[in-house]
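> The residues making up each chain are set out below.
There are 4 protein chains.
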Amino acid sequence: MVKKLALLGAGRIGKVHARAIAEDKRARLVAVADAFAEAAQAIADASGAEVKTIEQIEADASIDGVLICTPTNTHADLIERFVRAGKAVFCEKPIDLDVKRAEACAEVVRSVGGKVMLGFNRRFDPHFRAVRSAIDEGRIGKVEMVTITSRDPGAPPAEYIKVSGGIFRDMTIHDFDIARFMLGEEITSVMASASVLVDPKIGELGDFDSASIVLTTASGRQAIISNSRRATYGYDQRVEVHGSLGSVAAENQRPVSIEVANKDGYTRPPLHDFFMTRYTAAYAAEISSFLDYMEQDAAPSPSIEDGLIALKLADAALKSAREKVVVTL
Amino acid sequence: MVKKLALLGAGRIGKVHARAIAEDKRARLVAVADAFAEAAQAIADASGAEVKTIEQIEADASIDGVLICTPTNTHADLIERFVRAGKAVFCEKPIDLDVKRAEACAEVVRSVGGKVMLGFNRRFDPHFRAVRSAIDEGRIGKVEMVTITSRDPGAPPAEYIKVSGGIFRDMTIHDFDIARFMLGEEITSVMASASVLVDPKIGELGDFDSASIVLTTASGRQAIISNSRRATYGYDQRVEVHGSLGSVAAENQRPVSIEVANKDGYTRPPLHDFFMTRYTAAYAAEISSFLDYMEQDAAPSPSIEDGLIALKLADAALKSAREKVVVTL
Amino acid sequence: MVKKLALLGAGRIGKVHARAIAEDKRARLVAVADAFAEAAQAIADASGAEVKTIEQIEADASIDGVLICTPTNTHADLIERFVRAGKAVFCEKPIDLDVKRAEACAEVVRSVGGKVMLGFNRRFDPHFRAVRSAIDEGRIGKVEMVTITSRDPGAPPAEYIKVSGGIFRDMTIHDFDIARFMLGEEITSVMASASVLVDPKIGELGDFDSASIVLTTASGRQAIISNSRRATYGYDQRVEVHGSLGSVAAENQRPVSIEVANKDGYTRPPLHDFFMTRYTAAYAAEISSFLDYMEQDAAPSPSIEDGLIALKLADAALKSAREKVVVTL
Amino acid sequence: MVKKLALLGAGRIGKVHARAIAEDKRARLVAVADAFAEAAQAIADASGAEVKTIEQIEADASIDGVLICTPTNTHADLIERFVRAGKAVFCEKPIDLDVKRAEACAEVVRSVGGKVMLGFNRRFDPHFRAVRSAIDEGRIGKVEMVTITSRDPGAPPAEYIKVSGGIFRDMTIHDFDIARFMLGEEITSVMASASVLVDPKIGELGDFDSASIVLTTASGRQAIISNSRRATYGYDQRVEVHGSLGSVAAENQRPVSIEVANKDGYTRPPLHDFFMTRYTAAYAAEISSFLDYMEQDAAPSPSIEDGLIALKLADAALKSAREKVVVTL
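Chains as they are written, first to last, in the working numbering: chain A, 1 to 329; chain B, 1 to 329; chain C, 1 to 329; chain D, 1 to 329.
Do not take every clue at face value.
To give an idea of the chain A side of the interface with chain C (calculated C-beta under 10 Å), a few residues [to be verified]:
id : residue
1  : VAL51
2  : THR53
3  : GLU58
4  : GLY141
5  : LYS142
6  : GLU144
7  : THR149
8  : ALA158
9  : SER189
10 : ALA192
11 : SER193
12 : ALA194
13 : VAL198
14 : THR232
15 : VAL326
Source of the hints: derived by calculation from the structure; they are not laboratory data. For every residue, glycine included, the Cβ atom is placed at its ideal position computed from N, Cα and C.
Throw the hints in and build the complete structure from the sequences for me.
And the structure:
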């Protein structure tokens, strides 16, 4: 049976999911809600859905699941509301900027037995998945060290920074999740160095734009994350995992892979410009995974617990960077 | 206005086009015809089209264009029939295995002022297009030499070989078109060496499975084509253009780009398994280009003339390989 | 005038330098000293030098310079002895395992105005130098972040570990120097996570075999170092520098660069097996630089001060890893 | 015993060999002859050899072997003279520009049982050798198709072109040899297209600067050669061999392998500037192989017969290009 889905939030990421749903035969987008009516209408028009209020969606028994793509400060409320309404919930990261609020939300989900999947899209990237598969197949032996390079093409505007929760909760949170996905063990200590090298305005807002983080697990496995809000050559997204028998790495992706050779050397074009193009396949696979989850009773990946842990790692990194201490979890 | 399209032929390549149409908002597949009813029904079901006969499609004034994906020996007849019916025609290569028949068909198209675009999908591959753009932007100066490597993962079955017209008309025909697309000048001489190295059955049918072809233009520009019906590592599709100021090359494509390093070295996965996955983006762009052509009066690329020339080059290559002569056009 | 050099220590690295001297027309190896007579004789035979005692070398006024390639615990004494003898000194890293002893040695060098160059060979690697040149030419703008991957093919024997001073003083010390070489600013804080993942015997000796280190400068520039005593695919030596206008990376090197493609994918051979082959060109350039230094009065690079700072960074990393604190310098 | 060698011809390639001999402990350069005294003296000075006349070298019984690096029109005479003098001969390609003269020379060598090795340096390149080893180890199965890309950085001066014997005898001759080295079967037919695209002066001298050649063996194996006298990005030297189980390719080589990424993309430096730097390791291995040959009685590779065959292929290619025919051998 085709699953009927509703989209809450018609912004940039909402559009990405609407497109992914349109290309999946197992789902149909039937409703879109957004405080900004025009944005909702645009997606509705493009996908054959109807513009509805959140209340209407909540009350509509024919709707099987919702995708929460609204501003972060509404995530926890909406998760609770829709698991109580009996709908499967897909929610963009993070659950909330506040760990306590996020924990309370997770408790509600547990208590009502709600179905919630978190939007860490990178787990679904075919290249990152292939890295994970190589690990699972034993091709590199026991995992020892993970290196994640994650750089945005450019810094977001000040308005975004203000509500983002800071670089660790907004940007590194994806890398924390990927680190855990690859390490195969829980992280027990965090150390982070962070500074303002890209844009002084980010510093004025109390945030950082450049960070290096080391995560360590109980058995001593280590993950390194290198973050910057600037990469002139495109969206830099690499993962490398080093193990007892070898290494496996996911290379950067570019829309066009040609190479021009001339007296100045050999030049390949820049990388994808940002996540919408870099992770197109990941978003499609993410929706597909959400539909699998709706149909089955297996645990979701990533789960709301994964969201909680990533958030705690972000808080630990912030504390480490600010107070210049190693934070033990 | 959304263009209404009909698909003639519901085989492998028909399915590819149906999928591309489904993802293009400017078009809608409304009818599918195939001698094998089940195949037509399957595509119709998946795309919301109806199964119709060729006669019904021909008579349906609401249908704007047709895609001819039927067996080769029906192409010329169907092109003539549908340009006479006033419909825009997209036809898979080749026009016909016989140059005379193809020329007569082209003459009909000209006389009725018909709109025909040929299905040389590789012109629409984003990587090959980027090579062409690099040339057009003057990045490599004046084109001098083109090298095309084009190898199928495996040999087709004998039944296919029998009706294929042979390696030059079936497989190299794409490379002839790409060579012309890159050379920017007409070819005036052809030499080919061909042999049976992959499968003796192909030789028993009078065909070849391995070929090396050199094309030369009036000003002395040269193109080399290397063809094989076997490539254990996937669908090998490369183009390199050498000019007075530099070179530009389109690299091979693989579905997943990871690299595993261990004591045996560094290993990346095989290439795409064949054209359906390798040229997904090309097929989408091809349909989009057909829609552009339907909407405008600009000359199509590739045109039926391009189809004719490629066919003549195939015949020349066959003569060269069989008679061990250099063929001047 | 050809410079006459003496080699103190005829072990693995001594042999490497003897070979480099043999290929440089500006120098001649005239004497070799080693407690193990056969080793000294072998190098002497191969290079046309004579076996001598340290005393003889010290007393020989015709000898212009010495290369100290003896065990670490003799370095400081020999440096002091030979600068006092008025000879130019090239000394393998580290100056000493003890910072105090190293500082005292540096003080002696300063007081007698001695000429000492430290053996951080990687500064002379043509690829790493090219990275530095790209920085100096402004191609990546202001340096922001450095990533160093440095993994040995395999763990050394326990006897070596015992006298090595531990992973930070023995192995990471090279990476500390390269980090400084690339950062262009002094490091003000160090944090390190270290564990035993490769060989439990290393742990029993109180050392680590896997480490992740983050270095930060006063202005907030960051360097990450990833170290392991195991890399099944060869000697993994990469540097990447990220700046305000772009990035520059030195790729890994392999003795043979072919690629085999088959049904299992595309495979390139492993990397160089260790430093003797990986850094052949670096060792030659290092000797050449030492000869330049002997002829001129410019400051050496790397200097004994560079050696001191690297040692202090090693101590800081060890403290950070053991005590789980961020160490401020 | 160290072999005493004499160098006939102190030009560019003579210097290359003198340097290779200097680094090989099994040989010593004892004499250098050249009509241009200063050139001979320069090499003699650098290598500790003496300047001698050809007559003196011929008469010196202590000299074990000679390297003929004189102008092409003296090769055959000198080969004959020195095999008659009982010396091992290493001769740069080609034996002569005239096949008849070359055959007569080969006959003299056979009749006196002379030791002659031809200077096809590329057989000794570690990357090309590794390609050949991969074939020999069965990693790509039965060889089917070879693709050789061989482009010089720039066209030589007119004076060189005049005495060069033309592009096929001067430049492609190396590729003919490598094609045979990889094909593992004798070539039975040749077709070539050649033109003047780089420098009209080359055309005025009756030569070509751009050529595409297809070679075919009796069993139908094919080799393609792409030649140009211009490659703005450096000395382009690639070989790819396609077989029944896979492919193997030797990649281009560059002196420095860094990559700079910025808003314009990812750029690696140009290739080596020409053969002296590209084939440094090959020249060393070539001398080593000549010394092996001097010490043993095994057949040389490449032999004078290999030189003869390459010359015949050059003549066949010239005939094919000029007369527009396929030439059967």
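> Which numbered hints are broken by the structure, listed smallest first?
1, 2, 3, 8
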